[in-house]
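Put together the whole structure using the sequences plus the hints.
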Amino acid sequence: MLPPLKPIAMKERISLIFIEYGEIDVLDGAFVVIDKNGVRTHIPIGSIACIMLEPGTRVSHRAAALAARVGTLLVWVGEAGVRLYASGQPGGARSDRLLYQAKLALDDQARLKVVRKMYELRFGEKPPERRSVEQLRGIEGARVKKTYDNLAKQYGVSWKGRRYDPTDWDTSDVPNTCLSAATACLYGITEAAILAAGYAPAVGFIHTGKPLSFVYDIADIVKFETVAPVAFKIAAKAPQQPERVVRLACRDVFRESKLLGKIIPLIEEVLTAGGLEPPYPPKESVPPAIKETEGLGNVGHRH
Amino acid sequence: MLVIVTENVPPRLRGRLAVWLLEIRAGVYIGTPSKRLREFIWNQVLEGVEDGNAVIAWNTNTESGYDFATVGKNRRVPVDFDGLRLVSFLPPDEQSKGP
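Chains as they are written, first to last, in my numbering: chain A, 863 to 1165; chain B, 1248 to 1346.
A few of these clues could be false.
DSS-like, lysine-lysine: derived pairs with alpha carbons at most 27 angstroms apart [unchecked claim]:
| hint | chain 1 | residue 1 | chain 2 | residue 2 |
| --- | --- | --- | --- | --- |
| 1 | A | Lys-1124 | A | Lys-965 |
| 2 | A | Lys-1072 | A | Lys-1124 |
| 3 | A | Lys-1120 | A | Lys-1095 |
| 4 | A | Lys-1099 | A | Lys-1022 |
| 5 | B | Lys-1320 | A | Lys-898 |
| 6 | B | Lys-1282 | A | Lys-1120 |
From the structure, some residues in chain B lie toward chain A, with a derived Cβ separation under 10 angstroms [what the hints assert, rightly or not]:
| hint | residue |
| --- | --- |
| 7 | Glu-1310 |
| 8 | Val-1326 |
| 9 | Val-1334 |
| 10 | Ser-1335 |
| 11 | Leu-1337 |
By construction, these hints were calculated from the structure, which means they are not laboratory data.
Treat the numbers as computed from the prediction; the structure is a model and nothing was measured.
In this text, a Cβ means the ideal position worked out from N, Cα and C, and glycines have one as well.
Structure follows, in structure tokens:
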């Protein structure tokens, strides 16, 4: 008998794959895409952080179960990576991590420290002292606008601001389409990393009130050094299929920046800045009767 | 690291490959040549493959950490997934349509 399947660590994975057409199923225990001609293509699902399923795919129950077992996030996307649903390794595998994250988010002082750390990492310098989260958000907005303007100028793209309508994709201009496609890629792997590290995507510090608030918080830290320049560079060339070219370039930049290896330590670094101790289990709590086995995956993975 | 797998190739090619590489199973060769030597060896395969088929895989600086090339007809054909190379397995009657 083969030993049971287990997830592997995020840093050992390929960032993401888009699947466009076909029936996704399990054959002989492998994750396969079968097209209408019967051609089957194996997807090394356990070695990928995140699978983006585009319109035109059908996923079987067993395929979704296999993805969950190896800790790979499935994201159902619309045109150019507009997210619809996600599944795979649902968050909440580690209550100690979730409570730690919630403790930081609920303590005003700790939250401000985390937010300040996020801005520091993002802009490479400490934000001005004695500012509230709201004030920092205002400063950030202005800086982001300027960064977009600078990138547009640098790559010779005509830029009229970050404008997009998620419900009507085709109304965006090329730079905005490229940027949306690029950020969709980044959000996919960021969510996979947050779940793998055992945290909740919805509990954000700068962003709030959305299912992926924490994903946006973490992705924003690396957005302008990874996917934003890529999007502008491609927008300047105005290719036939900008979204496809953007994805390819995003994968390259994820590899070159070794993002999958860095992103979980980055999450830990940001949260540690809050200066709170992770919560200890209360005295009256009962530890698991059957001890969890050690796996090759990250702490958020269910082994 | 380099791996070459050959199927249905003439014995003289198999003997030739064994000059530089180690044949660990029938038609399966491994070695750690330089890029130049790898291309030289693969050229020998391209010249001598005749009706058989062969595949070469080596480690490189791609996201998957390796790349591969094929020669000759096989039911498994390389496909491009946004720059990531995977393999499609053709159904039996599709074989003649393969590249």
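Evaluation of the provided hints:
The suggested pairing of Lys-1124/A with Lys-965/A holds, with an alpha-carbon distance near 24 angstroms, which does not exceed 27 angstroms. Of the supplied pair hints, the one linking Lys-1072/A and Lys-1124/A holds, its CA atoms being roughly 24 angstroms apart against a limit of 27 angstroms. The straight-line distance between the Cα atoms of Lys-1120/A and Lys-1095/A is roughly 20 angstroms, inside the 27 angstroms bound, and the hint therefore holds. For the hint pairing Lys-1099/A with Lys-1022/A, the CA-to-CA distance comes to about 17 angstroms; that is within 27 angstroms, so the pair holds.
Distance check on the hinted pair: Lys-1320/B and Lys-898/A sit about 22 angstroms apart at the alpha-carbon level, within 27 angstroms; holds. With a C-alpha separation of about 24 angstroms, the suggested pair Lys-1282/B and Lys-1120/A falls inside the 27 angstroms cut-off, and the hint holds. A hinted interface residue such as Glu-1310/B counts as satisfied when its beta carbon comes closer than 10 angstroms to some beta carbon of chain A; here the least separation is about 4 angstroms, so the hint holds. At a threshold of 10 angstroms, the smallest CB-CB gap from Val-1326/B to chain A is about 6 angstroms, leaving the interface hint in force.
Because the closest C-beta pair between Val-1334/B and chain A is about 6 angstroms apart, less than 10 angstroms, the hint holds. The criterion of a C-beta within 10 angstroms of any C-beta in chain A is met by Ser-1335/B, whose closest approach is roughly 4 angstroms, and the hint holds. Taking 10 angstroms as the C-beta cut-off, the interface hint given for Leu-1337/B holds, the closest approach to chain A being about 6 angstroms.
The structure agrees with every numbered hint stated previously.
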